[in-house]
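**Q** What follows is each chain in one-letter form.
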Amino acid sequence: MRLVTAIVKPFKLDDVKTALQEAGITGMTVSEARGFGRQGGHTEVYRGAEYRIDFVPKVRIEVVVDEFDVGRVVDIIADAARTGRIGDGKVWITPVEDLVRIRTGERGADALR
Amino acid sequence: MNYDSGDTAWVLASAALVLFMTPGLALFYGGMVRRKNVLAMLMQNFGVMAVVSLVWVWVTYSLAFGPDWGGAGLIGTLHFAGLGHIHQAVPGYTGARAQTIPPVAFVIFQMMFAIITPALLTGSGADRMKFGTFLAFVVTWSVLVYAPITHWVFSPEGWLAKRGAEDFAGGTVVELNAGMAGAALALVAGRRRGWPRTLMRPHNIPLTMLGGGILWFGWFGFNAGSALSARGAGVAFVNTNTAMAAALLAWIAVEKVRTGKPTTLGAVSGAIAGAVAITPACGFVDTLGATVIGVLAGAVAAVAVSLKFRLGLDDSLDVLAIHGVAGLLGTLLVGFFGTAAALGRNGLFYGGGAALLGNQALAVLCVGVYSFAVTTGIAYAIRRTVGLRVSDEVETAGLDLGLHEESAYDFEASTGGRSTGGGSLR
Chain E
320 MRLVTAIVKP FKLDDVKTAL QEAGITGMTV SEARGFGRQG GHTEVYRGAE
370 YRIDFVPKVR IEVVVDEFDV GRVVDIIADA ARTGRIGDGK VWITPVEDLV
420 RIRTGERGAD ALR
Chain H
1453 MNYDSGDTAW VLASAALVLF MTPGLALFYG GMVRRKNVLA MLMQNFGVMA
1503 VVSLVWVWVT YSLAFGPDWG GAGLIGTLHF AGLGHIHQAV PGYTGARAQT
1553 IPPVAFVIFQ MMFAIITPAL LTGSGADRMK FGTFLAFVVT WSVLVYAPIT
1603 HWVFSPEGWL AKRGAEDFAG GTVVELNAGM AGAALALVAG RRRGWPRTLM
1653 RPHNIPLTML GGGILWFGWF GFNAGSALSA RGAGVAFVNT NTAMAAALLA
1703 WIAVEKVRTG KPTTLGAVSG AIAGAVAITP ACGFVDTLGA TVIGVLAGAV
1753 AAVAVSLKFR LGLDDSLDVL AIHGVAGLLG TLLVGFFGTA AALGRNGLFY
1803 GGGAALLGNQ ALAVLCVGVY SFAVTTGIAY AIRRTVGLRV SDEVETAGLD
1853 LGLHEESAYD FEASTGGRST GGGSLR
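Quick mapping for you: the protein sequence lines, in order, are chains E and H.
Following the numbering used here, the numbering of the first sequence begins with 320 at its first residue and continues without gaps.
Following the numbering used here, the numbering of the second sequence begins with 1453 at its first residue and continues without gaps.
Worth double-checking, as some hints may not be accurate.
Said to hold, decoys possible - Distance condition first, Cα-Cα at most 16 angstroms in a straight line; then the derived EDC-like pairs of lysine to aspartate or glutamate:
1. E:Lys331 to E:Glu381
2. H:Lys1708 to E:Glu363
3. E:Lys336 to E:Asp398
4. H:Lys1488 to H:Asp1844
5. H:Lys1713 to E:Glu363
6. H:Lys1713 to E:Glu369
7. H:Lys1708 to E:Glu369
8. E:Lys331 to E:Glu351
These aren't lab readings, by the way, just hints derived from the structure by calculation.
Kindly generate the complete structure, drawing on both the sequences and the hints.
**A** Have a look at this one:
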């Protein structure tokens, strides 16, 4: 099993979710995140004082998938989240040792289905 | 005594309008501070409402509007302390100025000015003042600064009023006074930790807009109520609105040129700056005067807010720029735009010469210097004895938790506890 973590632009969340659902992915976890990459931050102005805001709001998407599914899922996320402009985000993959479905006690790949 | 029922009803309604400005100010400022300090800001303002209400009826109303002490026009006596002898007419209001309302109505109307003026100082010392100490400061300040200045300018027996300085609703007494006192308080209290390098952006601008809307609404009582008559209130009412509208547009026009975008905080700040500048002038000028005063106030205040960074003075919510500078500007502009129809003599632009302007400048100078000097003394005395500021630990954690053991917002729907995690009843 693999954990696919994606950091995407917040307004692309719906597109990614829809694309994953259409591809038969049955679960995902979403959280709000802040950070910066090459895009850097932005400026805000309050009563003439300009502030540099380093951390840009992003959405973090986490999906656990079978090994054989990883390439497909990463492509789906990247395609759905892409605008072609700076700040589109990143997707990375990490190995998952085990998985438990709390309700039934199923483990490993069984807990995914 | 025959009182005018229409005048009395208007002044009492205006008193309620002006009282409502202080909760409005609390929201206006509360939205501008960081999330961890919003309750402390609201609490300071409500605290001021409570202590000044009592100090006013027991002491400071009499010092401000009581019979003059010694005839020098510097301070009133304690003749009306505790509202004793309150059936007697307010001294000095004779002839054409004779009041047509019961003195108690005047007491409660003027009380609201005595409340909002020190409430403005919460903006200068935001995020760092101890609560009890701040209230003690306000009591002392009301006696030593607000009462004498009010006597000089508002009481017909005051020395500046007798010399012919004109202040319709408090451009010097409230606005310039608060601006200079605020600067003094910020100076003695010192900067907030991390200012100006650390980002300290407003945590809730919608609250600020709501507070600004309440201030706009209440300012009709502040200015038009100061006519002390229902018949004479209309001009002040319209001029107030005209100047606020012009100042809002002027401020965002300056922003558009300086930083590229009009901001909501700029729009509401501009409206307030316009109200401040028209306050001393609202009953004395015509529509052209009100419009020009508004435009100048909005534009000048929009630039003046950057002054604190040059001075290195952490006047946190810009009381000096918005109340001090715009109040000074409006008071001086009475000398240019005052009309004989309301004042009995013209300002400089209407052929009345520079005499009125000279009186206005004298009032600005004396009120400004006295307010700054005495406030510095009071704040310094408190700093040296019980201390003005909270500890570094409380300042970092936030005054809401440190001083009041509360948090303003619960963002954790699942636990219902503090933002630090699920809590349980102790």
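**Q** Could you run down the list of hints and mark each one as holding or not?
**A** Hint check:
1. For the suggested pair E:Lys331 and E:Glu381, the alpha carbons sit about 15 angstroms apart, so the restraint of at most 16 angstroms is met.
2. Note on H:Lys1708 and E:Glu363: the hinted pairing holds, with a Cα-Cα distance of about 14 angstroms set against a maximum of 16 angstroms.
3. Proposed proximity of E:Lys336 and E:Asp398 is supported: the alpha carbons are some 12 angstroms apart, at most 16 angstroms.
4. Among the hinted pairs, H:Lys1488 with H:Asp1844 is consistent with the structure: their alpha-carbon atoms are about 14 angstroms apart, no more than 16 angstroms.
5. Using a Cα cut-off of 16 angstroms, the hinted pair H:Lys1713 and E:Glu363 holds, with the two alpha carbons roughly 10 angstroms apart.
6. Taken as a hint, the H:Lys1713 and E:Glu369 pair is honoured in the structure, with Cα atoms around 12 angstroms apart against an allowance of 16 angstroms.
7. A distance of roughly 14 angstroms separates the Cα atoms of H:Lys1708 and E:Glu369; the hinted pair therefore holds under the 16 angstroms criterion.
8. As the CA atoms of E:Lys331 and E:Glu351 are separated by approximately 13 angstroms, the hinted pair is consistent with the 16 angstroms bound.
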